[in-house]
Amino acid sequence: MEAATAAGDARQTEIEDLAARTRRARRIRSILLWAAVTLIVVFCLFPFYWLINTSLKTGADLSSGSLLPPNPTLDNFDSIFKNSDFTMALRNSAIVAGSVTVLSLIFGSFAGYALSRLRFPRKFLILALFLSISTFPPIAIAAPVFKLWTDIGLYNTYLGLILPSLTFGLPLTIYILTSFFRDIPRDMEDAALCDGCTRFQAFRKVVLPLAAPGVVTAGLLVFIFAWNEFLFAITLTSTPERRPVPAAIAFFTGSQQFEIPLGTISAASVVVTVPLIILVLFFQRRIVAGLTAGAVKG
Amino acid sequence: MEAGTLRPKLPQPRRRTEISERRLGAALLSPSLAVIALVAAYPIGYAIWLSLNQYSVIHPGLSRWVGLDNYIDALGTSEFWSAMATTLGFTAVSVTLELAIGMVMALVMHEAFRGRALLRATVLVPWAILTVVTAITWRTIFDPTLGFFNDMLATFGLPGADVVWLGQSGYAFAVLVIADVWKTAPFMALLLLAGLQTIPNDLYEAAKTDGARTWERFRYITLPLLRPAILVALLFRTLDALRIFDLPYVLTQGANGTETLSLLAQQQFATDRLIGQGSALSVLTFMTVMGVSFLYIRFVGGNIRELTEER
Numbered sequence: 001m002e003a004a005t006a007a008g009d010a011r012q013t014e015i016e017d018l019a020a021r022t023r024r025a026r027r028i029r030s031i032l033l034w035a036a037v038t039l040i041v042v043f044c045l046f047p048f049y050w051l052i053n054t055s056l057k058t059g060a061d062l063s064s065g066s067l068l069p070p071n072p073t074l075d076n077f078d079s080i081f082k083n084s085d086f087t088m089a090l091r092n093s094a095i096v097a098g099s100v101t102v103l104s105l106i107f108g109s110f111a112g113y114a115l116s117r118l119r120f121p122r123k124f125l126i127l128a129l130f131l132s133i134s135t136f137p138p139i140a141i142a143a144p145v146f147k148l149w150t151d152i153g154l155y156n157t158y159l160g161l162i163l164p165s166l167t168f169g170l171p172l173t174i175y176i177l178t179s180f181f182r183d184i185p186r187d188m189e190d191a192a193l194c195d196g197c198t199r200f201q202a203f204r205k206v207v208l209p210l211a212a213p214g215v216v217t218a219g220l221l222v223f224i225f226a227w228n229e230f231l232f233a234i235t236l237t238s239t240p241e242r243r244p245v246p247a248a249i250a251f252f253t254g255s256q257q258f259e260i261p262l263g264t265i266s267a268a269s270v271v272v273t274v275p276l277i278i279l280v281l282f283f284q285r286r287i288v289a290g291l292t293a294g295a296v297k298g
Numbered sequence: 299m300e301a302g303t304l305r306p307k308l309p310q311p312r313r314r315t316e317i318s319e320r321r322l323g324a325a326l327l328s329p330s331l332a333v334i335a336l337v338a339a340y341p342i343g344y345a346i347w348l349s350l351n352q353y354s355v356i357h358p359g360l361s362r363w364v365g366l367d368n369y370i371d372a373l374g375t376s377e378f379w380s381a382m383a384t385t386l387g388f389t390a391v392s393v394t395l396e397l398a399i400g401m402v403m404a405l406v407m408h409e410a411f412r413g414r415a416l417l418r419a420t421v422l423v424p425w426a427i428l429t430v431v432t433a434i435t436w437r438t439i440f441d442p443t444l445g446f447f448n449d450m451l452a453t454f455g456l457p458g459a460d461v462v463w464l465g466q467s468g469y470a471f472a473v474l475v476i477a478d479v480w481k482t483a484p485f486m487a488l489l490l491l492a493g494l495q496t497i498p499n500d501l502y503e504a505a506k507t508d509g510a511r512t513w514e515r516f517r518y519i520t521l522p523l524l525r526p527a528i529l530v531a532l533l534f535r536t537l538d539a540l541r542i543f544d545l546p547y548v549l550t551q552g553a554n555g556t557e558t559l560s561l562l563a564q565q566q567f568a569t570d571r572l573i574g575q576g577s578a579l580s581v582l583t584f585m586t587v588m589g590v591s592f593l594y595i596r597f598v599g600g601n602i603r604e605l606t607e608e609r
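Each protein sequence line maps, in turn, to chains A and B.
The first sequence begins at 1 in my numbering and counts up one residue at a time.
The second sequence begins at 299 in my numbering and counts up one residue at a time.
Take the hints with a grain of salt, since some may be wrong.
Unchecked claim - Among chain B residues calculated to face chain A with C-beta under 10 angstroms, some are:
#1 A325
#2 A415
#3 T438
#4 T443
#5 F447
#6 D449
#7 S577
#8 V587
#9 N601
#10 E604
As the list claims (entries may be wrong) - Not the full set, but computed from the structure, chain B residues with beta-carbon under 10 angstroms of chain A:
#11 L327
#12 A339
#13 V421
#14 L428
#15 T429
#16 P484
Stated by the list, open to error - Derived CB-CB ranges, DEER-like:
#17 B:S328 x A:A191: 25 to 35 angstroms
#18 B:W379 x A:D183: 47 to 57 angstroms
#19 A:L90 x B:G365: 44 to 54 angstroms
Source of the hints: derived by calculation from the structure; they are not laboratory data.
Where a beta carbon is used, it is the ideal one built from N, C-alpha and C, also for glycine.
Let's have the full structure, built from the sequences with the hints guiding it.
The structure is reproduced here in structure tokens:
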């Protein structure tokens with residue numbers, strides 16, 4: 001009897017022990033998880049916070065390492081918007097990145113439709129060709145394009161900037177749209193064809209609207225990549241009238257004739273980044289889907 | 299695909315549909331193929347031609363066939379080999395770090411907790427920032443007088459408070475790596491997270507019942523099943539790292555051991571106007587990347603084949 005109670009007690013403590021251990025393990029796990037989350041958030045946001053912090057300082061405050069600007073001021077933003085090189089760069093980037101996006105979407109949707117819907121030989125090879133073009137280092141075409149453009153007068157022009165950027169915009173669009181078109185039920189298109197639509201009408205009126213999410217995804221990604229493009233921007237332009245944003249910002253920092261203070265450069269950087277961040281956060285799902293589905297471009 | 303899964307044909311004779319589909323396919327593909335031929339295939343061929351000639355800097359248009367001289371010259375310079383070493387070293391170090399940090403981030407984002415969606419959004423911020431702005435950001439952080447880093451070292455009394463980080467070889471390279479890892483580790487994390495989400499939860503439950511510890515579950519379930527996602531992410535990032543240009547351009551202009559192959563080639567043809575030599579360097583860079591590119595295409599080839607199959 002005595003022995004049985006002792007055994008029962010031992011069992012009881014064992015169970016309590018186990019419960020306590022599980023509770024402790026769970027607490028440790030949640031502490032670790034939150035530590036990791038905090039670390040990731042600081043890692044991702046702090047550098048950009050520092051840039052904003054710098055953009056709000058002028059003069060002597062710039063060299064103070066304080067986490068908050070001692071005398072926050074918008075002077076840098078004021079001066080960057082009065083700088084015509086910067087405002088022209090915004091316009092240039094909008095024109096170039098916008099055109100690259102529109103052209104990629106038009107040509108890319110044709111090609112994507114053909115590759116996903118029509119029966120003809122060597123489709124695999126053609127898609128593989130497009131994809132391999134997107135893996136080429138842009139430097140491989142920068143030198144010949146630089147020489148060609150200077151010879152035929154496309155150097156320092158919008159068209160001269162738009163064309164080379166299609167080498168990554170077009171393959172990316174084709175890849176994304178091919179997979180989106182593939183997922184649209186064929187019956188709907190067949191119904192349109194039976195109703196007397198031509199293939200092109202069926203494409204324009206039935207397939208394209210259904211693939212709208214894919215078109216938005218591809219358009220966003222191409223626009224972001226084109227806006228970010230730097231090698232062609234710096235190599236194929238020579239004046240502020242045609243220089244896109246990344247090249248203009250790099251020029252501000254260079255040891256060129258006019259050096260602009262870091263506070264102002266930071267302000268310019270914040271101005272060109274904030275809209276992009278808003279866009280990305282707003283379309284977060286689409287962008288992640290587009291990036292991970294293909295993993296075609298980073 | 300098997301004949302059984304073919305959809306009922308439209309009421310037209312088969313041959314005619316096929317011919318018209320071929321024609322339509324060719325018509326729809328031709329603009330894209332024309333663009334690619336014009337801005338990718340032709341320039342690459344032209345780059346090879348340019349690299350076999352010497353172009354006069356003083357008299358534009360004057361050129362002379364020199365055969366492989368430009369390549370022999372390039373391969374004989376220490377600049378080329380140091381740029382090659384920098385590029386390969388940068389790729390190896392940054393891609394490895396990105397994989398490690400990206401994996402940790404992906405595992406955390408995969409856990410269930412309140413605010414997970416917010417974390418996934420936060421992670422996109424570095425990705426959304428322009429590469430040039432990334433470089434500016436890290437330059438401001440490591441700037442000896444304006445920066446945060448030196449100030450922090452001074453505050454905590456740590457050594458190195460008066461080091462000009464971007465002014466010395468090893469340190470400048472480290473800043474380059476840090477900036478790249480910061481910008482792209484989150485992208486790596488998103489690719490890996492997509493892979494994690496395809497692993498069925500039952501596997502983990504079963505392993506737990508069998509008494510497998512956290513590490514064992516990671517080692518024997520997560521890693522093997524994540525292998526395809528890891529490989530794609532690695533190849534993809536390697537391709538990108540090998541052609542790095544904008545970060546070193548803005549951070550250091552290639553000074554202090556940060557001159558990469560793309561940077562060296564661009565400076566030769568654009569700044570120094572040495573078209574022939576610059577083209578030779580571009581072709582050499584291209585060939586360095588080609589091997590990885592080939593592996594990548596072979597690896598994602600399965601995806602492409604599936605996309606173009608009839609259904």
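Right, here's what the structure says about each hint:
| no. | hint | in the structure |
| --- | --- | --- |
| 1 | A325 | holds (8 angstroms) |
| 2 | A415 | holds (9 angstroms) |
| 3 | T438 | holds (5 angstroms) |
| 4 | T443 | holds (5 angstroms) |
| 5 | F447 | holds (9 angstroms) |
| 6 | D449 | holds (3 angstroms) |
| 7 | S577 | holds (5 angstroms) |
| 8 | V587 | holds (5 angstroms) |
| 9 | N601 | holds (8 angstroms) |
| 10 | E604 | holds (9 angstroms) |
| 11 | L327 | holds (5 angstroms) |
| 12 | A339 | holds (8 angstroms) |
| 13 | V421 | holds (6 angstroms) |
| 14 | L428 | holds (5 angstroms) |
| 15 | T429 | holds (6 angstroms) |
| 16 | P484 | holds (6 angstroms) |
| 17 | B:S328 x A:A191: 25 to 35 angstroms | holds (28 angstroms) |
| 18 | B:W379 x A:D183: 47 to 57 angstroms | holds (49 angstroms) |
| 19 | A:L90 x B:G365: 44 to 54 angstroms | holds (47 angstroms) |
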